[in-house]
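**Student:** Read top to bottom, the protein sequences are chains S and H. With our numbering, the residue at position 67 of the first sequence is 67, and numbering never jumps. With our numbering, the residue at position 345 of the second sequence is 345, and numbering never jumps.
You may find that some hints are simply not true.
[What the hints assert, rightly or not] Pairwise CB distance ranges, derived in the manner of DEER restraints: (1) S:S2 x H:G302: 47 to 55 Å; (2) S:N114 x H:V608: 20 to 28 Å; (3) H:G214 x S:D67: 28 to 36 Å; (4) S:Q31 x H:P154: 49 to 57 Å; (5) S:R11 x H:E247: 48 to 56 Å; (6) H:D658 x S:Q31: 26 to 34 Å; (7) S:S64 x H:P677: 39 to 47 Å.
[Claimed, not checked] Covered by chain S, according to a simulated footprint, are these stretches of chain H (three or more residues, beta-carbon under 8 Å): (8) 223 to 234; (9) 295 to 305.
[As the list claims (entries may be wrong)] A few chain H residues facing chain S, derived, Cβ under 7 Å: (10) A182; (11) E350; (12) R666.
Because the hints were derived from the structure by calculation, they are not lab data. All residues carry an ideal CB built from backbone N, CA and C; glycine is no exception.
Listed below are the residues making up each chain.
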Amino acid sequence: MSVTLTVNGRRQTLDVADDTPLLWALRDHLQLTGTKYGCGIAQCGACTVHLNGNPVRSCSLPVSAADGQQVTTIEGAEGPEIRALQEAWHELAVYQCGYCQSGQLMTAANLLANNANPSDADIDQSMSGNICRCATYNRIRDGIKHAAGELSGSAGKADREGAQ
Amino acid sequence: MNRSTGLSRRLFLVRGAQAGAGLTLGLSLPMKILAADGVTGATGKNSDTRLDANAFVAITPDNRVIITIKHLEMGQGTYTGLATIVADEMDAAWEQVEAVSAPADKDKYKNLALGVQITGGSNAIRNSWTQMREAGAAARHMLLAAAAEQWQVPVGELSARSGEVIHAASGRRASYGELGTAAATQSVPDEVALKEPGDFTLIGKQQLPRKDTGKVDGSARFTQDVQWRGMLTAVVAHPPTFGGKVERFDAGEARKMPGVKAVLEIPTGVAVLAETFWQAQKAKNALAVEWDNSAGSGLSSGKLYAEYRELTGKPGLEAQSEGDAEAALAEGDSLEAFYEFPYIAHAAMEPMNCVVKKTDGGVQMWYGCQSQTWDQQAVAEVFGIRPEQVEIQTLYAGGSFGRRATLDGNYAREAAEIAKAYGKAVPIKLVWSREDDMTGGYYRPLYVHRVRATLDDQGGIDAWHQRIAGQSIFRAGPDKVDRTTVEGATGMPYTAANLQVEVHNTQELVTPHFWRSVAHTHTAYVAETFIDELAHKAGRDPVEFRLDLLGDHPRHAGVLKLAADKGGWGKSLPDGHFQGIAVHKSFETYVAELAEIARGEDGKFRVVRVTCAVDCGVAVNPDVIRQQMQGGIGFGLSAALFSEVTIENGRPQQDNFDSFQVLRMRHMPAVDVHIVPSAEAPTGVGEPGTPVVAPAVANALFAATGKRFRRLPFGKEVFSI
Ligand code: FES
Ligand code: FES
Chain S
1 MSVTLTVNGR RQTLDVADDT PLLWALRDHL QLTGTKYGCG IAQCGACTVH
51 LNGNPVRSCS LPVSAADGQQ VTTIEGAEGP EIRALQEAWH ELAVYQCGYC
101 QSGQLMTAAN LLANNANPSD ADIDQSMSGN ICRCATYNRI RDGIKHAAGE
151 LSGSAGKADR EGAQ
Chain H
1 MNRSTGLSRR LFLVRGAQAG AGLTLGLSLP MKILAADGVT GATGKNSDTR
51 LDANAFVAIT PDNRVIITIK HLEMGQGTYT GLATIVADEM DAAWEQVEAV
101 SAPADKDKYK NLALGVQITG GSNAIRNSWT QMREAGAAAR HMLLAAAAEQ
151 WQVPVGELSA RSGEVIHAAS GRRASYGELG TAAATQSVPD EVALKEPGDF
201 TLIGKQQLPR KDTGKVDGSA RFTQDVQWRG MLTAVVAHPP TFGGKVERFD
251 AGEARKMPGV KAVLEIPTGV AVLAETFWQA QKAKNALAVE WDNSAGSGLS
301 SGKLYAEYRE LTGKPGLEAQ SEGDAEAALA EGDSLEAFYE FPYIAHAAME
351 PMNCVVKKTD GGVQMWYGCQ SQTWDQQAVA EVFGIRPEQV EIQTLYAGGS
401 FGRRATLDGN YAREAAEIAK AYGKAVPIKL VWSREDDMTG GYYRPLYVHR
451 VRATLDDQGG IDAWHQRIAG QSIFRAGPDK VDRTTVEGAT GMPYTAANLQ
501 VEVHNTQELV TPHFWRSVAH THTAYVAETF IDELAHKAGR DPVEFRLDLL
551 GDHPRHAGVL KLAADKGGWG KSLPDGHFQG IAVHKSFETY VAELAEIARG
601 EDGKFRVVRV TCAVDCGVAV NPDVIRQQMQ GGIGFGLSAA LFSEVTIENG
651 RPQQDNFDSF QVLRMRHMPA VDVHIVPSAE APTGVGEPGT PVVAPAVANA
701 LFAATGKRFR RLPFGKEVFS I
């Protein structure tokens with residue numbers, strides 16, 4: 001069957017079996033390989049993408065369910081949250097093997113978009129669906145807080161500048 | 001991408017490899033495979049004019065210094081670590097340095113500690129330390145010589161800094177990129193002077209940006225991401241039990257499914273080839289395979305624990321013997337304990353996979369290869385060709401923890417079998433599902449330890465007697481001691497008047513394998529929880545008790561004191577908080593960890609903090625060391641608290657992250673890492689953080705509950721999941 005979806009702002013029509021998980025449609029049909037396969041059963045979060053702005057496990061979502069919807073992957077992620085997180089990830093040397101990190105970043109970007117100043121408990125709650133076998137959790141936590149700080153700092157700065 | 005062969009490049013460097021010099025010279029061709037037509041899966045830039053200073057260093061006219069890394073980057077930071085050493089000695093600027101993977105070539109790129117090209121034993125830095133320094137120093141020497149010739153000044157008047165050669169007297173300077181071509185005509189030095197540690201500019205710096213890039217924007221290429229024109233994806237229906245075989249199968253349905261190119265029986269199961277993963281996976285599910293599971297029907301974890309426990313009642317192979325432990329035990333008031341360790345999977349984030357293509361001249365492969373030499377042998381065996389005909393381009397691995405370095409080639413061999421059975425010269429990507437990965441064996445084996453000990457009148461150890469039963473990872477027979485089963489039990493640092501360590505090597509259908517820190521995963525647990533028991537029996541503080549018995553081992557004592565000090569050992573703690581401590585040396589690195597646990601309102605515990613002290617000699621990249629300690633602690637904690645594979649009737653009972661539980665964000669303690677300043681040669685950090693955390697937490701749990709936990713994992717009931 002054919003499915004039409006908007007991926008990273010571009011309309012794409014795919015000729016795929018409708019039960020193909022969105023993950024494999026992205027990887028094998030659109031060559032968007034930044035989104036990873038880790039478990040296939042919505043347990044690890046490596047495959048996290050945004051569907052209409054909300055994080056979903058693309059391994060467990062049939063592509064047909066995304067028909068007509070907006071999909072954002074790590075390759076196309078934009079906005080202050082993801083930028084701040086990516087910078088923090090470099091600055092704090094968060095990643096090790098890196099395989100889980102697209103998913104971590106997509107989940108964290110959504111957390112920051114909804115919660116500008118997440119507590120440890122908020123981070124535990126939002127991020128515990130994303131496994132990192134390299135156990136980079138300490139730095140993911142620090143990275144999220146660092147990014148949150150940068151965002152509120154720059155937002156605060158913009159406000160101040162705007163007021164002058 | 002330009003097509004490039006070695007021939008179009010200027011060659012230089014004529015000195016042959018000098019025995020023992022550690023610097024292997026000659027033209028390296030790390031880009032050769034990358035330049036093959038149609039590949040989009042590999043990383044790296046290409047250049048027709050690049051100059052290779054030696055097997056490890058190349059300088060391009062656009063002023064990039066490309067360092068060839070002979071070890072697999074699997075997250076442990078080896079691209080950064082090895083590049084730091086080379087770049088420091090050659091005075092390159094960190095920003096101009098790029099790291100690329102070495103091709104499979106044992107002569108040039110073998111692990112100097114192990115004699116084959118392999119990443120393991122936490123020795124990437126240790127085995128390459130001098131080799132990388134010499135490679136960098138040789139390149140620097142040639143750059144200086146080239147500048148001296150060009151400027152007609154004595155080389156002694158030149159200095160090098162941050163990727164430039166400088167002539168202070170005339171104010172002249174030139175970048176390495178500018179000098180590369182002229183440097184190519186210089187002869188290779190027979191000897192090079194290495195820097196004094198005080199002159200290091202990069203080594204020991206707190207935080208250099210990592211050289212394994214592309215990992216925050218999805219652009220890093222893992223095996224899973226390799227895409228070739230015309231590539232097929234292969235999946236395999238594997239037997240559900242250890243020792244299982246295909247009895248018969250019906251592929252009629254599967255063959256008719258969209259995208260399916262072939263269904264092939266191979267030695268390890270039934271392979272399905274299709275245009276995409278999902279097509280292959282669906283066809284695999286449609287296969288009707290009848291398995292003969294008889295071989296493994298008697299295999300169960302419960303049975304193995306019972307059998308092994310019985311074995312530890314009988315004398316085994318002697319691994320270490322001092323004095324007469326049995327006689328001393330007979331006299332004293334002895335403590336005795338049995339310990340049980342389960343099979344455990346590595347569960348690297350990227351399930352095993354491999355891309356293979358038959359060519360006229362042999363085979364090309366692209367994947368996160370951890371032992372190029374072993375895999376070349378395995379694949380050559382499949383095709384009946386020579387190992388050198390197997391070209392391997394090593395890509396980033398999404399974790400490994402030992403999993404990817406197999407003695408028999410395992411999944412690389414399977415990929416080769418598929419390519420051979422299919423016969424056509426198209427690229428094939430073998431993709432294992434998480435279930436294939438987790439149920440596929442190559443586990444840290446199941447072990448039982450029996451340990452007995454007595455104290456002497458002064459509170460020292462009079463006798464320590466330990467027997468281990470389980471599989472030898474090197475498949476040693478019944479009459480050979482395999483250090484991968486006993487190390488960490490042998491070589492105990494505590495003074496004991498009488499010491500006996502014995503082992504029973506068992507044989508099972510389950511493939512045994514190296515798992516981050518190998519034998520230390522269980523030997524450290526036994527040593528460090530049992531010494532804690534002895535301390536309590538002696539009525540002593542566990543830290544002081546250990547320190548008294550560590551007389552000849554100052555580096556153990558050093559990290560133990562540092563962890564105790566920084567972690568506030570013995571300080572007053574909030575209600576419901578408890579401490580435990582452990583110290584262990586593995587892979588020549590000394591680590592102590594102090595764990596603090598807290599009881600929650602539901603009565604369940606959490607590990608709230610781990611204070612880690614590490615002595616790994618010269619700290620090449622302090623931040624990578626901290627990363628590896630943090631990650632190693634998280635990895636060890638997973639195994640301590642939750643992870644195991646249990647086998648029933650030959651069948652693994654856990655196949656994905658719902659049943660095989662691993663550490664998640666909410667379980668991760670804060671981790672403080674303290675590095676002991678040292679001028680000793682650097683040693684490894686990938687593994688040594690891992691084995692120490694389980695005993696530290698178990699000792700804290702004893703402080704909290706008065707109970708000893710002697711079977712791993714111990715967290716399912718008492719820790720919050
Ligand atoms: S691959 Fe989708 S959650 Fe693991
Ligand atoms: S960085 Fe390796 S799995 Fe997260």
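**Student:** Could you check the structure against the hints above and give me the numbers of any it violates, in ascending order?
**Tutor:** 7, 9 and 10
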